[in-house]
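S.K.: Respectively, the protein sequence lines represent chains A and B.
When we follow this note's numbering, the leftmost residue of the first sequence carries the number 2, and every step to the right adds one.
When we follow this note's numbering, the leftmost residue of the second sequence carries the number 90, and every step to the right adds one.
Read the hints as simulated data drawn from the structure, not as lab findings.
Do not take every clue at face value.
[Claimed, not checked] Away from chain B, derived, C-beta distances all over 12 Å, residues of chain A:
id, residue
1, E30
2, P39
3, V60
4, L61
5, F75
6, A99
7, A170
8, A183
9, L238
10, E240
11, A299
[Claimed, not checked] As a list, the in silico EDC-like pairs of lysine to aspartate or glutamate whose alpha-carbon atoms are at most 16 Å apart:
id, chain 1, residue 1, chain 2, residue 2
12, A, K31, B, E95
13, A, K71, B, E197
14, B, K338, B, E363
15, B, K240, B, E197
16, A, K71, B, D236
17, B, K338, B, D439
18, A, K31, B, E259
19, A, K211, A, E295
20, A, K67, B, D141
21, A, K67, B, E197
Using N, Cα and C, we set each Cβ at its ideal position, and we do this for glycine too.
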Amino acid sequence: MEIPASTADPAVTGAAAAATQSIGVPRPEKTWTENRAPSGWLPRLSPAELWSYRELALVLALRELKVRYKQTVFGLAWVIIQPLIAVAIFTIVFGRLAGLPSEGIPYAVFVYSGLVVWGYFSGALQSVAQSLVQNRDLVTKTHFPALIAPVALALPGLADLLVSLGVVAVLMGAYGVAPGVALILLPLWVGASLLVVLAAGLWLSALNVKYRDVRHTMTFLVQIWLFASPVVYASSLVEGAWRYVYALNPMVTVLDGFRWSLVDGPAPGLEALVSLAVAALGLAGGLVYFLRAERRFADLI
Amino acid sequence: MTVAIEATALGKRYRLGEGGYVTLREKLDARLRPRAARASAAREVWALRDLDLEVTEGDVLGIVGHNGAGKTTFLKMIARIVRPTTGVVRVRGRVAALLEVGTGFHPELTGRENIFLNGVVLGMSRREIRRRFDEIVAFADVERFLDTPLKRYSSGMSLRLAFAVAAHLEPDVAIVDEVLAVGDVEFQRRCLGRMSQFGQEGRTVLFVSHDTGAVGQLCRRAVWLHEGRLQANGPAPDVLDMYLRSTAKITAHVDVPLEAHSSMERLSLTLLGERGQLTDTPRRDHPLTFEIAFTARHSVMAVDAALYLIDRHGVRIVNENLSDTGTTVSGGPQRYSIRLTLPPLLAAGDYVVGVWLGTRDELFFRGELLRLTILPLPHDRDRSIHGAVRPAVHWSVNTELTP
Numbered sequence: 002m003e004i005p006a007s008t009a010d011p012a013v014t015g016a017a018a019a020a021t022q023s024i025g026v027p028r029p030e031k032t033w034t035e036n037r038a039p040s041g042w043l044p045r046l047s048p049a050e051l052w053s054y055r056e057l058a059l060v061l062a063l064r065e066l067k068v069r070y071k072q073t074v075f076g077l078a079w080v081i082i083q084p085l086i087a088v089a090i091f092t093i094v095f096g097r098l099a100g101l102p103s104e105g106i107p108y109a110v111f112v113y114s115g116l117v118v119w120g121y122f123s124g125a126l127q128s129v130a131q132s133l134v135q136n137r138d139l140v141t142k143t144h145f146p147a148l149i150a151p152v153a154l155a156l157p158g159l160a161d162l163l164v165s166l167g168v169v170a171v172l173m174g175a176y177g178v179a180p181g182v183a184l185i186l187l188p189l190w191v192g193a194s195l196l197v198v199l200a201a202g203l204w205l206s207a208l209n210v211k212y213r214d215v216r217h218t219m220t221f222l223v224q225i226w227l228f229a230s231p232v233v234y235a236s237s238l239v240e241g242a243w244r245y246v247y248a249l250n251p252m253v254t255v256l257d258g259f260r261w262s263l264v265d266g267p268a269p270g271l272e273a274l275v276s277l278a279v280a281a282l283g284l285a286g287g288l289v290y291f292l293r294a295e296r297r298f299a300d301l302i
Numbered sequence: 090m091t092v093a094i095e096a097t098a099l100g101k102r103y104r105l106g107e108g109g110y111v112t113l114r115e116k117l118d119a120r121l122r123p124r125a126a127r128a129s130a131a132r133e134v135w136a137l138r139d140l141d142l143e144v145t146e147g148d149v150l151g152i153v154g155h156n157g158a159g160k161t162t163f164l165k166m167i168a169r170i171v172r173p174t175t176g177v178v179r180v181r182g183r184v185a186a187l188l189e190v191g192t193g194f195h196p197e198l199t200g201r202e203n204i205f206l207n208g209v210v211l212g213m214s215r216r217e218i219r220r221r222f223d224e225i226v227a228f229a230d231v232e233r234f235l236d237t238p239l240k241r242y243s244s245g246m247s248l249r250l251a252f253a254v255a256a257h258l259e260p261d262v263a264i265v266d267e268v269l270a271v272g273d274v275e276f277q278r279r280c281l282g283r284m285s286q287f288g289q290e291g292r293t294v295l296f297v298s299h300d301t302g303a304v305g306q307l308c309r310r311a312v313w314l315h316e317g318r319l320q321a322n323g324p325a326p327d328v329l330d331m332y333l334r335s336t337a338k339i340t341a342h343v344d345v346p347l348e349a350h351s352s353m354e355r356l357s358l359t360l361l362g363e364r365g366q367l368t369d370t371p372r373r374d375h376p377l378t379f380e381i382a383f384t385a386r387h388s389v390m391a392v393d394a395a396l397y398l399i400d401r402h403g404v405r406i407v408n409e410n411l412s413d414t415g416t417t418v419s420g421g422p423q424r425y426s427i428r429l430t431l432p433p434l435l436a437a438g439d440y441v442v443g444v445w446l447g448t449r450d451e452l453f454f455r456g457e458l459l460r461l462t463i464l465p466l467p468h469d470r471d472r473s474i475h476g477a478v479r480p481a482v483h484w485s486v487n488t489e490l491t492p
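Using the sequences and the hints, build the whole thing.
M.R.: Here it is as structure tokens:
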């Protein structure tokens with residue numbers, strides 16, 4: 002083994018050796034990183050560091066997407082089949098038998114347009130809640146901003162959502178339902194549902210590291226949330242001042258807004274501000290809770 | 090000299106029983122019965138305490154110590170995986186932590202997909218991976234299986250793939266923890282080779298291993314951690330000598346149970362002297378026989394064994410493999426014993442004896458089992474200069490009269 006002479010600066014030797022290894026690629030300046038005992042109540046968040054891990058988020062999201070439909074006969078077709086079966090059931094049970102209101106829109110179109118968003122929301126929420134626990138090896142064997150995991154797992158569902166939107170379009174054509182001008186706001190509502198996923202998911206994923214009870218309560222949580230949201234019924238079922246209470250569930254506004262944009266349903270009213278406030282508070286609180294909990298993820302998971 | 094790693098008053102405290110998650114019920118219990126909660130809070134343990142250490146850039150540093158000495162905790166704090174309870178550790182440059190092979194690998198994905206996954210997890214950019222993709226594939230020797238799901242790979246193949254990715258990292262500081270403990274001899278040889286290359290390229294390498302032989306071979310400096318504290322820090326041979334003296338007992342027979350999931354149940358090592366008697370202090374002019382015995386739980390195929398001797402400088406004086414004789418061991422669940430006889434060769438002094446037992450794909454055991462003392466001959470004198478080995482030589486003196 003050749004030991005560099007003591008007069009030679011080893012930093013130079015190292016850089017030179019590395020340069021021969023990676024021809025044409027400039028090596029970044031060596032910088033100090035430090036790991037010290039956490040101090041202060043409010044954790045610090047470095048957007049720059051988060052951004053430098055964007056490829057990890059992408060790779061994790063792609064892994065999730067690829068794995069989900071590997072070894073299934075129907076593959077991506079499940080994205081369409083699953084909600085179609087749900088639509089058929091809901092249309093018969095809630096539309097025909099219970100006669101739930103649907104704002105004058107054909108019930109099948111009404112319920113499917115809701116299920117598109119709801120399907121994304123519930124699926125993403127459940128995988129975000131598991132995002133840290135399922136990536137235990139990453140948390141305990143590598144360094145990365147833990148926030149990457151929930152963010153990455155909130156993304157793959159968007160691909161399913163896109164496919165479902167195509168099916169909605171076909172269904173709308175078949176029933177002769179046309180969107181209004183508000184269609185241009187559609188991405189806004191999709192983005193809003195992503196934020197609601199994170200607002201709830203950051204709490205759940207961090208709690209799940211410490212208390213595995215979270216996994217067992219997810220099914221009920223999603224089910225209760227479904228009935229508290231205007232998916233199978235129209236939000237006009239709730240009237241007057243109660244609408245403000247109802248809108249404490251931000252998904253109420255997301256679903257109303259999504260239907261407004263897609264199938265020209267009624268626009269969300271002032272109660273949307275309540276939803277906005279709840280979502281913003283949930284997200285900010287979730288972020289602080291998550292970052293504080295992150296200090297001990299690797300110890301506890 | 091530039092400093093690459095600097096730890097100051099570094100400490101990590103774990104609460105006992107916290108090595109896993111708690112359920113909400115346990116938490117509520119603790120709230121309702123504060124006395125029990127206080128009792129459990131008292132059960133804290135320092136995995137690492139008051140560690141001050143500087144590592145110079147380009148150093149290849151070995152870290153030795155028993156299980157639970159705080160080695161992995163230390164590495165994880167350097168790699169910023171675990172936050173310290175006290176103090177600070179600073180690192181200069183890009184860090185690659187290889188605490189496990191194939192982190193992020195997914196069995197359903199193909200070899201190609203897993204290369205990208207693992208590479209990014211280890212801190213490479215996708216551009217870097219694309220640039221070195223062919224090299225990685227060639228290194229792993231898996232060209233034909235690139236688009237096969239990983240779950241169809243043999244464990245040896247996925248190990249090679251994982252190592253190939255890791256070998257193409259270009260970190261300033263590489264942290265390697267027991268990665269070598271898996272895989273066959275050839276794999277370990279390549280791992281060691283790559284790590285010493287890292288060192289020659291001027292990178293700083295931190296290497297944790299139970300295999301003091303490997304540490305002695307690879308590292309110029311070593312630290313010894315004991316129960317969370319720094320016990321020794323200095324040139325590798327000195328530190329290893331101190332560590333080895335404390336670890337393996339001088340004895341003629343050791344019998345150890347192996348892990349429950351392993352195909353092997355027990356392993357023993359026995360030292361036999363020139364007349365077949367048990368001995369831990371043979372004379373240097375006598376042959377020495379090592380008996381390695383093991384009990385298999387299930388049928389086993391092509392089991393190989395290796396015996397190695399490490400001298401007090403951490404140098405591997407002997408390393409012999411059964412398979413080098415063209416033989417391996419196969420058969421049903423029963424006890425096997427194999428013997429190796431070493432001709433008179435060793436210089437007087439202390440040696441640590443280690444055994445490796447495994448197949449191409451599975452490692453059953455690897456580690457130092459015992460220590461033996463080779464006694465000098467009656468006429469040997471202490472000299473400041475002596476050779477690493479003392480084979481049974483013959484001197485002859487001829488006297489001729491000058492005409």
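S.K.: Are the hints correct? Go through all of them and say.
M.R.: These are the hints, each one checked on the structure:
Annotated as non-interface, E30 of chain A brings its C-beta within 12 Å of a C-beta of chain B; the closest such distance is 9 Å. Some Cβ of chain B comes within 12 Å of the Cβ of P39 of chain A; the nearest lies about 6 Å off, and the non-interface call is violated. Chain B draws V60 of chain A into its interface by the beta-carbon criterion, the shortest separation being 5 Å against a cut-off of 12 Å. Remark: the non-interface label on L61 of chain A conflicts with the geometry, its nearest Cβ contact in chain B lying 8 Å away (cut-off 12 Å).
For F75 of chain A, the shortest C-beta to C-beta distance to chain B comes to about 16 Å, beyond the 12 Å cut-off, and the non-interface label holds. With 12 Å as the threshold on Cβ separation, the claim that A99 of chain A sits away from chain B holds: the shortest Cβ distance comes to roughly 36 Å. No beta-carbon of chain B is positioned within 12 Å of the beta-carbon of A170 of chain A; the least distance is around 32 Å. The Cβ of A183 of chain A lies farther than 12 Å from every Cβ of chain B, with a closest approach of about 38 Å, so its non-interface assignment holds.
Under the 12 Å C-beta cut-off, the non-interface status given to L238 of chain A relative to chain B holds; the minimum distance is some 34 Å. No Cβ of chain B approaches the Cβ of E240 of chain A within 12 Å, the least distance being about 37 Å, so the stated non-interface status holds. The claim that A299 of chain A is not at the interface with chain B is violated, since a C-beta of that chain comes within 12 Å of its own (minimum 5 Å). For a cut-off of 16 Å, the pair hint linking K31 of chain A to E95 of chain B stands: about 15 Å separates their Cα positions.
Taken as a hint, the K71 of chain A and E197 of chain B pair is honoured in the structure, with Cα atoms around 7 Å apart against an allowance of 16 Å. With a C-alpha separation of about 22 Å, the suggested pairing of K338 of chain B with E363 of chain B is violated against the 16 Å cut-off. Proximity of K240 of chain B to E197 of chain B is assessed by CA-CA distance (about 6 Å); at most 16 Å being required, the pair is judged to hold. At most 16 Å may separate the alpha-carbon atoms for a hinted pair to count; K71 of chain A and D236 of chain B meet this at roughly 13 Å.
Between the alpha carbons of K338 of chain B and D439 of chain B the distance comes to roughly 11 Å, so the proposed pair stays at or under 16 Å and holds. Annotation: proposed proximity of K31 of chain A to E259 of chain B holds, straight-line Cα distance about 13 Å (limit 16 Å). Simply put, K211 of chain A and E295 of chain A have alpha-carbon atoms about 11 Å apart, close enough for the 16 Å limit, and the pair holds. For the suggested pair K67 of chain A and D141 of chain B, the alpha carbons sit about 46 Å apart, so the restraint of at most 16 Å is broken.
For the hint pairing K67 of chain A with E197 of chain B, the CA-to-CA distance comes to about 9 Å; that is within 16 Å, so the pair holds.
Of the numbered hints given earlier, the model fails hints 1, 2, 3, 4, 11, 14, 20; all others are met.
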